[in-house]
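S.K.: Sequence:
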Amino acid sequence: MQIQTNFSLRHFNTFGLESTARYFAEVRSVDELTQILLDPVWQQTPKFILGGGSNVLFTKDIDALVIHPDIRGIEKIKEDDADIWLRLGSGVNWHVFVMYCVENNYGGVENLSLIPGTVGAAPMQNIGAYGVEVKDVIVSVEAVAVNDGTLRIFSKEECRFGYRESIFKKELKDQYIITNVTFKLSKNPVLNIAYGDIQKTLQELNVTEVTIKDVSNAVIHIRRSKLPDPAQIGNAGSFFKNPEIAETQFSMLKNRYPEMPGYAVNESKIKVPAGWLIEKAGWKGYREGSIGVHERQALVLVNYGGGNGNEIKLLSEKIQDSVEEKFGIRLSAEVNFV
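Read in order, the letters of the sequence shown are residues 1 to 338 in UniProt numbering.
Just so you know, not all the hints are guaranteed correct.
Listed below are the simulated DSSO-like cross-link pairs for lysine-lysine, each with C-alpha atoms no more than 27 Å apart in a straight line [as the list claims (entries may be wrong)]:
1. K170 <-> K78
2. K173 <-> K284
3. K78 <-> K187
4. K156 <-> K173
The set of hints was computed from the structure by calculation and includes no laboratory data.
Model the full assembly from the supplied sequences, consistent with the hints where possible.
M.R.: Dropping the structure here:
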């Protein structure tokens, strides 16, 4: 394991933003991770954990030891006639894992196809798409404490999952490094095709008897038609969370904007698509120098090349102010500002 100094993170974040880590280490096992955490040379040095970099916005250089966990492996823990349990290293590419499940007809993550990032980042953010959240299939999360290198196994309940939230983003932020995640997947999956454009896309693809592979293909088709490829245009996917507002507020807004979409969360809360709000506030396709709002999806802020994190941060704040002024709704960022 090599510790590098003044290391460029441009290829370690999907925005493609230039940021320099004072120190950088790539760890490929729990032993390597524990070794560096317990090394007296590094114990007093601030640590920053960087996975796939698909949900971060760098606004400055990182004066810390940046640890990039690259723990791989997919292990079958157990299985029965109905389900299979898989334990994955945190460094496994998320979409590679989804494709593995799809090819083996293990159901539960097909709606989460083509989401960028790693397996280790998935529970931290409780990633979700098209009516599914990763918490639905997680059994447990293994993580190492930054302060003393001890390994702890968090049950699903202990992870305290919420909408794009977990204990790792709140109470235990920066205190643990996720090393492995165990998932429970169905061998007799119940398909979830009611959300978004999945049914419409399946019809367009002339699919009649739907399989998990068909659902995955439909999701990939939708995402590619709406979202820019980070390899081509720097972005972090959805920049803002879809806000949840009171049903009474939604009813008032619906009177003013009859076309406003909304999805019931419970009897008193309605989830409104943030992309719709941003588009109606006039930001879709907006460009300011090297940064902007994507022309096909207003929820995605982009770096066309040469932009910096502070410019994107300022643009996001302008959008928040604009949407709040028009609709009375304050958007919250899904991306983590560094």
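S.K.: Below or equal to 27 Å on CA atoms is what counts here, so check K173 against K284.
M.R.: 33 Å, violated
S.K.: Hinted pair, alpha-carbon criterion (27 Å max): K170, K78. Please report holds or violated.
M.R.: With a Cα-Cα distance of about 32 Å, the restraint between K170 and K78 is violated, given a limit of 27 Å.
S.K.: Holds or violated: are the alpha carbons of K78 and K187 at most 27 Å from each other?
M.R.: 12 Å, holds
S.K.: Is the hinted pair K156 and K173 satisfied, with a Cα-Cα distance of at most 27 Å?
M.R.: 17 Å, holds
Violated hints, listed in ascending order, are 1, 2; each of the other numbered hints is respected by the structure.
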